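S.K.: Residue numbers (the working numbering), protein chains in the order written: chain A, -19 to 360; chain B, -19 to 360.
Treat the hints as calculated values from the structure; they're not laboratory data.
Check each hint, because a few of them may be wrong.
Since copy identity is lost for identical chains, a pair holds within one copy or between any two.
Within a straight-line C-alpha distance of at most 20 Å, the following computed EDC-like cross-link-like pairs (lysine to aspartate or glutamate) qualify [what the hints assert, rightly or not]:
#  : residue 1 : residue 2
1  : K26       : E334
2  : K(-16)    : E15
3  : K32       : E241
4  : K128      : D95
5  : K67       : D87
6  : K135      : D104
7  : K(-17)    : E15
8  : K26       : D325
9  : K287      : E34
10 : K338      : E129
11 : K345      : D87
12 : K288      : D11
Values in this document were obtained by computation on a predicted structure and should not be read as measured data.
Protein chains: 2
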Amino acid sequence: MIKKQLFSPGPTPVPERVLLAMAGPMMHHRDPGYEVLFQEVREGLKYVFQTKQEVLVLASSGTGAMEAAVCNTLSRGDEVLVVRGGKFGERWGEICEAYGVNVTPLDVTWGQAVDPGLIKKALDAKPAIKAVLVQASETSTGVMHPIKEIADIVKNRAGTILIVDAISALGVSDLPMDQWGIDVVVSGSQKALMLPPGLAFIALSAKAWGFAEKANLPKFYFNLKEELAVAQKNQSQFTPAISLIVGLREALKMLKEEGLENVFKRHALLARATREAAKALGLELLAPTAPSDALTAIKAPEGVDGKKLKKNFEDQFGLIIAGGQSQLKGKIIRIAHIGYFQSLDIIQAVSTLELVLKGLGYPVKLGAGVKVAEEILSAA
Amino acid sequence: MIKKQLFSPGPTPVPERVLLAMAGPMMHHRDPGYEVLFQEVREGLKYVFQTKQEVLVLASSGTGAMEAAVCNTLSRGDEVLVVRGGKFGERWGEICEAYGVNVTPLDVTWGQAVDPGLIKKALDAKPAIKAVLVQASETSTGVMHPIKEIADIVKNRAGTILIVDAISALGVSDLPMDQWGIDVVVSGSQKALMLPPGLAFIALSAKAWGFAEKANLPKFYFNLKEELAVAQKNQSQFTPAISLIVGLREALKMLKEEGLENVFKRHALLARATREAAKALGLELLAPTAPSDALTAIKAPEGVDGKKLKKNFEDQFGLIIAGGQSQLKGKIIRIAHIGYFQSLDIIQAVSTLELVLKGLGYPVKLGAGVKVAEEILSAA
């Protein structure tokens, strides 16, 4: 018998009460009961996004909302600056290019955070740049980019907006959209919101809505101006993913009950315990200086195949973690602690790491990582 | 106590075994178990679409797949013919216009089917027309358009494809994509596929894939060529709506168990019983000559407010039906029998119709509609 458990940075485990809520009979999205539910969801999303703006809900994966961010704020031939420090940074560039938006890439070594000074330099060199596109947490490397510092650079430039992919950052680390002056925040359901995939979220600042007035890229399903108009009446343009929205209400309740600040503290603690445990086992982190609290990327040690490591996590202990993508294939493993995770989950992950490494012949002192993790959890 | 029951043409009731399947713990879409599941789903979709082509699965509502049909087969400035006989016909036009595709509308009185002869005439008059866009079942009016006859006109024109919105027709009436030579078929999850909303489906003929090679409209999330490449490896470009796909496997199993031919017969029977019962009550059908078997649109009788009729269905008996949209607001009610419906469900709907009409002072002979419905069901 092997219990399968998700330790992947999306999809993440869905709490039982959310699963139960979604298992109820289908309701109709034009029903008064649904409008009450959606009103509650809208309030909850504003709380999690830390914004007074409307948070729009799309029936799509997170990438749909990334595309919506681009095609609703930009026009053909516009110049943008794209921070490319991982697979999802590259995706920003690919979306822009698909729409004929000119990309100036700012390439960052995978595993490192972008230097905000380079963003300032790029904007000074090319004042025509209309948007800076970046990840908050780059899921492919486990890096947290310095969003506050970047927002400080962008917010006083009238002709430039900051578009942030917060798919694996929202509900993990503090990212106060309004306070920091982020113009577009994008997220998805299958991360810290503890839901199945299938919903995406996007909020725009007043400045970004101004850009939306002039943006001429074609759009229909992802037309945010139209969506905004109906969302404020607790409706949606097209049939919403009703069951997921029913689950969303439950997940948002859970986050509200815990309190956003405690949610951030929990993620920070679990992330720190995971990182320190890995280091105690003599392992190297991919992102030692700017780690995301959503997941921990660990380099496969010399002589150990990262793919085999990932496979043994699942085959021997049922833990589904992630491997490396693109240039990092086979070189890292990624252990998630985003969403429905508590301290003992981390102990399981660290214990599995020890057991699997030992099984692969890597010289590991059993219990050494767990000890460090327990010390951190115990002190907290 | 009022049991709420969906009699709306989307969302439709979700069978208990599908709800249970979706309530299981979240799985990972890169897991070998998911690949087996998705392989099964792909086979099942080909069976329901009656095609050898790949049926692509998108995480979006049906409108997303409609947009995908347009932006993957057409280019800016292309000419298309759009059959506009209801709200969803209008939507085809709106999507094309959003992308700078030139629409020649073929307006049809709401409640009537398009005359295929007019399509032939329009194509002869403007041979540059690259696509004919039409609904199979127009959900806003309950009309079934003559797709086979339209396909016969389009299929021998090398420069024109037929794009069919089968959102409320697939799994209801026979629509053999390959045999009839339909080029693009679009559908959604929350209709005859008996699932919550959140998935859309699209299949392209070889001819349509040829058009896709030359189409230059921008797309990223809905890029079907990219999706095809990964679908054939049981993967998806972006995180799929996993829980809905788990439910889809169960729903497809149910359709397979019943057999597509029996599914069509069941829908035809329930639709006929509903229509004849309404007529027996002295009511007029909106689409008497070309009714869809997905839903029955009934005109609110003289002196009875359609909105009040719909409201009383729900408030007094818990039946959630649909009203009229746009120009039909307040003028019709729409009772669905698409998806998870059996004969006794129709008896409930007809009985409610009688009771609600009587309550509103309309001279109805109680039991007269039910009698006719029972006679039809009994003879079958």
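S.K.: Would you mind marking each hint as holding or not holding in the structure?
M.R.: Cross-check of the supplied hints:
For the identical chains of this complex, K26 and E334 are neighbours neither inside a copy (41 Å) nor across copies (45 Å), given an alpha-carbon limit of 20 Å. For a Cα distance limit of 20 Å, the shortest separation of K(-16) from E15 across copies, 16 Å, qualifies, whereas the shortest one inside one copy, 37 Å, does not. In this assembly of identical chains, the alpha carbons of K32 and E241 lie at most 20 Å apart only when taken from the same copy (18 Å versus 53 Å across copies). In this assembly of identical chains, the alpha carbons of K128 and D95 lie at most 20 Å apart only when taken from the same copy (12 Å versus 61 Å across copies).
Taking the closest pair of Cα atoms, K67 and D87 come within 20 Å of each other only inside a single copy of the chain (11 Å); across copies the shortest separation is 47 Å, beyond that limit. Within a single copy, K135 and D104 get their C-alpha atoms as close as 14 Å, which meets the 20 Å cut-off; across copies the closest is 56 Å, which misses it. For the identical chains of this complex, K(-17) and E15 are inter-copy neighbours only, at 19 Å across copies versus 38 Å inside a copy, given an alpha-carbon limit of 20 Å. Proximity of K26 to D325 under the C-alpha cut-off of 20 Å is found in neither arrangement, the shortest distances being 29 Å within a copy and 41 Å between copies.
Taking the shortest Cα distances, K287 and E34 never come within 20 Å of each other, neither inside one copy (42 Å) nor across copies (30 Å). Within a single copy, K338 and E129 get their C-alpha atoms no closer than 42 Å, and across copies no closer than 68 Å, so neither meets the 20 Å cut-off. For the homomeric pair K345 and D87, neither the shortest alpha-carbon distance inside one copy (38 Å) nor that between copies (76 Å) is at most 20 Å. Only between protomers do K288 and D11 lie at most 20 Å apart by alpha-carbon distance; the minimum there is 14 Å, versus 51 Å within a single protomer.
In summary, the numbered hints that this structure violates are 1, 8, 9, 10 and 11.
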